[in-house]
Amino acid sequence: MSLLLIPLLGALLMLAFVRGEAARPLSLLAALANLGLTIGYLFWYNPNNPYLMLADFSWIPQAGIRFKLGVDGTGLAMLLLTNLLTPLIIGSTYSRKLPGVFYGLVLLMQAALVGVFTALDGIVFYVFWELALLPIYFICAVWGGEDRVRITLKFFIYTFIGSLFMLLGLIYLQQHAPGQTFDWADLMKADLTPGASTWVTLAFFLAFAIKMPVFPFHTWQPDTYVNAPTGGAMLLSGIMLKMGIYGVIRWMLPLSDGAAQLYPTFIALAIVGIVYASVIAIRLQDIKRIIAYASIAHVGLIAAGVFVGNETALQGAILQMLNHGINIVGLFFVSDIIENRTKSRQLNELGGIAKQAPVFAALFMIIMLGTVAVPLTNGFAGELLLLKGLYEYHIWAAATAGLTLILCAVYMLRIYQFAMFGPAKALTEGFRDVRGSELIVLGVIAALVIVLGVYPQPVLDLTKAATGLLLEMK
Amino acid sequence: MTATLFYILALVSVVGAIAVIAARNPVYSVLCLVVTFFAIAGQYVLLNAQFLAIVHVIVYAGAIMVLFLFVLMMLNLNRESEPLQPTLIKVIAVASGGMLLLTLVAALRGVERIPLAGAQDTQLGLVKNLGRLLFTEYVAPFEISSILFLAAMVGAVTIGMRSKSDKREIINHL
Amino acid sequence: MDNTITVTQVIPIEMYVWLSAALFAIGVTGVLLRRNAIVVLMCIELMLNAVNLLLAAFSTYLSDASGQIMVFFIMVVAAAEASVGLALLVMIYRNTKSVDISFLNKLKW
Amino acid sequence: MIPWILLLPLLGFVFSGLAGKYLPKALTGTIATGAVFIPFLLSLTLFGRLGQEPAMTVTLFDWLAVGDFHIPFSLLVDRLSVWMMLIITGIGALIHLYSIGYMHDDARFHLFFAYLNLFVFFMLLLVMADNYLILFFGWEGVGLCSYFLIGFWNQNPEYGKAARKAFIMNRIGDLGLLLGLFMLFQLFGSLTYSEIFSRLETMRLAEGALTVATLLLFVGAMGKSAQIPLYTWLPDAMAGPTPVSALIHAATMVTAGIYLIVRSAALFQLAPDTMEIITYTGLATSLFAAVIGLRQNDIKKVLAYSTVSQLGLMFLALGVGAYGSAMFHLTTHAFFKALLFLGAGSVIHAMGGEQDIRRMGGLKSRLPQTFWTFVVGTLAIIGFPLLSGFFSKDEILASVFLHSSVLWGLALISSAITAFYMLRLFFLTFYGKFRGTDEQSAHLHESPLMMTLPLMALAVLSAAGGLINLPELFAGDSGQWLANWYEGGVQEFQSAGHQLSHAVEWGLMGMASFVAIAAIGICYQIYVKKADLPREDVALKGWNRWAANKFYVDELYDAIVVRPLEKGASWLHGVIDRRLIDGFVNTVGALPSRISRFARLLQNGNIAFYLFGMVLGIILILILNFVMGTDLL
Amino acid sequence: MKALIILALTGVFTLFAGLNASKRSVVQVIAATGLGLALVATIWDRFWAAPFSIGNMLTFDHYALAFGSVAILITLLIVLLGRSGYQGDSENFGDFKALLVFSLCGALCLFSFDNLIMLFLGIEILSIPLYVLAGIRKNYPASNEAALKYFFMGAFATGILLFGITLIYGASASFSLSEISKIASSGNQLPGMLKVGILMVLIGLSFKVAAAPFHFWSPDVYEGSPNLVTLFMATVVKMAGFGAFFRLFDLSFAQISGVWAPTLAVMALLTMSIGNLTALFQTGFKRMLAYSSIAHAGYLLLGILACTRYGGGALLLYTLAYAVATVCAFTVFILVAQEKPEETTGMDAFRGLGRRQPLAAFAMTLAMLSMAGIPPLAGFFGKYFLFAQAFPDYFWLVIAAVVNSAISIVYYFRVITEMYFKPSDGVEAAPLTLPLAYRFVLVAAILILFAISILPGLILSWVG
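Protein chains in written order, with the working numbering: chain W, 1 to 474; chain C, 475 to 648; chain R, 649 to 757; chain V, 758 to 1390; chain F, 1391 to 1854.
Treat the hints as calculated values from the structure; they're not laboratory data. There may be inaccurate statements among the hints.
[As the list claims (entries may be wrong)] DSBU-like, lysine-lysine: derived pairs with alpha carbons at most 35 Å apart:
| # | chain 1 | residue 1 | chain 2 | residue 2 |
| --- | --- | --- | --- | --- |
| 1 | C | K602 | R | K745 |
| 2 | W | K425 | V | K918 |
| 3 | W | K97 | F | K1812 |
| 4 | W | K425 | V | K1121 |
| 5 | W | K343 | V | K918 |
| 6 | W | K343 | F | K1812 |
| 7 | C | K564 | R | K756 |
| 8 | V | K918 | V | K1324 |
| 9 | W | K425 | V | K778 |
[Claimed, not checked] Stretch by stretch, here's where chain R covers chain C in the computed footprint (C-beta under 8 Å, at least three residues):
| # | region |
| --- | --- |
| 10 | 483-490 |
| 11 | 511-523 |
| 12 | 538-545 |
Glycine is no exception: its CB is placed at the ideal position from the N, C-alpha and C atoms.
One chain only, chain W, in its complex shape:
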């Protein structure tokens, strides 16, 4: 419960009272406190007793809604993701405009995300799911770029429509659940006809697919990322889209028996998305946009793995969610540093940064390698498991999805080549190397990239029991 309350109260305090410089350190403090708490939970967690209840009390008894929060290994992994990335995100952003509000919103977002990842009640889940949308909407629309209002609204409505269908799905489930409650376990036992199961699954899919996003529901995403302030883009890509994947794992997979015929389509869409987004990323000029499409591709792989839903793929997906979160935050931070110093994100205007800023270049390289999934970086372990899971589904699935290994190398190396290598250009002359908090944040990210790559097993141990249970439900 305090996991939820620390950021929530922090956010309210920030929004109401804190103005000016103090905002960043204070919010960082709150986020770090939450991280500490999460780590405490990690030690406390006993895989033999899968659910660690955080809160459970009656909320709206008339509708069978309890305020029930609890985590299993999967949830803990997601909590770790959220609470690990939030301090990094806070550390990597500077808001000169209304810092109190900005960091307050970030903390609010964190609270909502914690709620999403711990909710064990359908409505609680839905409420947090949507609550997470509000702060990010404001962050993007207030601090965003040129065309922010229109694009952010599109993003909001697009994802909102999807979620509404999920809500309908939840309501339908509840009305057919044995206990007529929204309790997760009860919902998953809902007695559905195959037709109903199909519709419910489709409704859930729509919500999750838009959030992730899965091809062809992805078009909101690149524009939003490009126009969002970097902190917003980090929140969106690092944590928020994981909501969709987590949603599939917790809310969609366990009830899929009647809708099994849909899954091949889902998998196909996810895989098409991988190749599609990767190919598009090859020719773009805007670094942020490339990262956005890269994110679609990577998430496509995770999504494909989740839809396949075997143990390997699921574990890989959870691991990869964590890894992708770390990497993408790193990438966005890198692009932010570049943009701040050169006032440009266009590859053809950049070059030669490596020579000016060797430390930056090295850290960027490590993060990039994590993204490209070179062994002994974090990206590899996750993608390995995902591809293996896909292979277990079908060899061609793995082979096609595996193209990401090649194409990702193509576009990421291209970014690196054009931004960092080659002769320096007018904009990149005198590029200052990273120091201070930039160095700390990038360093932490790079260290995580390597540590999780060399020894991913702890994360997998964490999620092992939980995925096992989820698979049994199916």
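Since the structure of chain W is provided, determine the placement of chains C, R, V and F on it from the hints.
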């Protein structure tokens, strides 16, 4: 005799009503409406609702219609040349009214199936009977309608009063 | 009046329903047809009277006095409405020198 | 001790990378060299210990365990891997030493050594892995280091492009390898070598499954070892500093494919179709690259194509099942190719960066040490009798002959071409008159001892390396030390020599020697006596022109892969993504506003109209409820 | 009942106090005190008194008291705004307050009627003061027009309603709801007259709640009326309409839902779609809210159609959330509109409000988000319960409602965009002072909104 009376009164009321909406001069409309009201009062008598008939004549023909006439005169609207709706709208209006009548009649075809009370209580419409009812069973609405009156009174005064404090030139908006 | 033939014996209730419906429809037609606000108001009164007539008829045919009570209340309301309505008309006339409802179309879309 | 072999280069990498900037170059270089040389010594002791025990395994930790997918991070040292370790660390140490001199003037000296150390780490990981996945770590890791080092001079966009090309082409192969691993796991339930090979005997495998799996492994090998069709990156990789070319693109990394197949010999043995494909791929690559090599003028490019060609030869050997021969050639090739590259490096160093052999000539007297070592290297590669290349190549040719005489003939032609282009290179570089600028001429100098010392060491090895596995013909079974040694530890090794009669063997050897010697004569005539200089590319005609332009393979790939991909990317983004999908989304999104434009006109402000709407509503409700169905409810 | 009496007296006292035009604060205090007392009385009755019935005419049961207390609360908030927000002539200030209170009396009747006569009277008591209130800015043409339009169409609708009541009476020989529902639930073939009557009553009530196609009056009237009156119409009047709707159709005619439900379902669909689609294109804030209130009426009709699960609780929750949000929105609107000339109270009036007056902007944001139904705000729970209970039977309608809610985001967020995201400069950037009463209302509204979202179950059980 009763039946004949009924038909005559019905005819008068309908013709009167049509005249109300057809007359070009509003004053004629008022007068025709008064005729219609009288015909309706006749129906009340036929229906053994004598008190109702009296009150009807007093309130409607006596008070409300006079009020109308008064306003008409005050506003000096007793002209023949008042603007009329375009023909198309006239046609549509009449057609709509006709349609409404048709559908109402069609919808109400089965009315005779209602079991009606066999014995008629001729004392029903007398003031004694109604008065007792009004002050026993219907005392609550009776009292509450006082709020209605009060509100209407206050409202009419508020609206009808020329505003004192206003010094602004009224833009001739219309 | 014991010796007179009561209307309930010779006229079926249907006739009253039709008559009221006709008056009501005429009232509605008038509301649609006329532009003079006062006439429109009269047409509304006509509609109310159609209702009153029907109520009285039902009251007699059903031998239930509450219908007639209702007629009183309707009269009350009609009077109140008429007074407020006329006050409104006067006010508008003061402002616009017209009681033509088709000019009242500045608020739209 | 085994983990330390791995750890030292890694520590060297960390040290050089972090601290090297602030230390004197000599110190950094020495430490980095030590970080490779000490593992060499350690490997030597392991080598000694392996006399008694067949293999040593060390498990460091469980890298990953999901369900039954269990990957321990464990290392295996057996006779095969220790041999590779010796080559890697030994040659690696020499090249480190050489680089101290070669890279002396470079501003990012420390980084260079960091990358080299990292490379050695990954390469060692590759050969020391106990299972395929850890091998894959090393496999990708060396590719990565190769990328770093090819693009070491990253100010030059062309070099960057070459580096990316190398990485991406390797990745294509890696994907194949990865799929192969999945398949192996599916078949055997494990990726650990010993478990797979032990289960191989007891298991009944589906027809063709193993063929597909081995083919996928071979795809990986193709990428790494630059076989057709994934070879074009290697010549471009010459953009890197020359020591890199020597270490990575000649001696070690590119032989990883050979190692992989030798390591998996037990599997390949059961997949004859794959073996067939390997044979032809190897042969074709060998010939094709050799022909291109004939018309290259960049000293390093010639060597690069030569490497491709020689690798092809090794695959040919693998294809016919002569694993021992392949390993033997791998070893000798490592010696002489490293030597040649370092020699070329010395030349380039002396010429101030010039790489075109048309601008060289007459360096024999100016660079004596380089020249003499280069002589040894050249003779070794063309198979001059009794030098290392002679023996190893001879063994391969003998094995191939045993398989098919036609293949043998083609392989011999390939050797002959090899001899031609190497000699062409050699003569044009060292004989005749100096053709460079005066400035270059003034600058010409022999390289420092730091650089010539490794040259000499490698020259010795190139010359005498053949002794480790003398043909049975010369020294009987006991002479075949390497083969015997392998056979003692790895069961799939078989020696082809036993089945050929001595007469045939003499004949084959004679043919090969004749080709080498004849080539020397002819080339001497052409390039020294006649001083026939290669013409400019534009003047070339017919196949010469094709060969000089590498048969336009790069252009072909460009046309059928790269450009369609780029076009497709723009099309997908512009047309499909923006206009079609997003356009659809936006259209749907704008629909309500469009409707709104008209819907609001209903509210036209006219009371009569509103009343009419109400009446219409009433009529419709009544009609729908009562008139349509006469008795609704 | 206590509340009704207190309110009637309050109205009279306010009238007298208003005779002295210069003593606005006296009027204000009397009205506020009366309303406060009425509120206390209602809540008292709700929790500590037995249900009380007056001769088959009015029954003050939990349902009536719950809705009544909410309506009184909202009126109280409106009255608190009334000092500086009042736009009419100053000599009518007392009348204005009194008429509001009288109108509220009508609303209370509509929550508690037991007899069709009371329904009719309640509607009239509610409406007649409103006709006047709409036109209380006597010199403002739009106000005149609004009043007249409202009056004519209201009177016309009254005619329809009365015709329906008459027909029901004809079929059942009584105005008493209990008698009528006896006939309705007798299981015999229903008289045709009853069916027609019920539909005509439905139409009459639909007019009051502005359900399509009887919604035409509402945008024009909302736009033209003085702000406070519009606020009252959008909140209390709408609530009263739905209170009556529910009481009539769900508590009395539930068994014969086959008669009215199909019609109502189509109307619900039309209402929410027309409301939302038209609101999209609006540039004026009041008019936009008018259309949005039509859309909300559409959703609320879902609560009339299906009240199986939560009874009137869902309806109460929704109307409360909606009304409080509307109060918030109007409070802020009145604040920013004060410094604008009448004709330009478009969305841009809110520009830069996020900096000029953060509290007001925050309240406005909450209001908009709540109306859009975005969790975890109050409006979401309102929608949730309505949709959830309608879901099994009116699946298609719920989907339409869901799509409509998504569309509605566009226009609600336009306000937020203006407040926070559009650059502001010059006069638009100057800080805006917030009068104490406004501050109080806003804080109260925000607290209520949060309270609803934290404990929706409590409101839900309010009527039970």
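Would you pick out the hints that fail for this structure and give their numbers low to high?
-> 1 and 4
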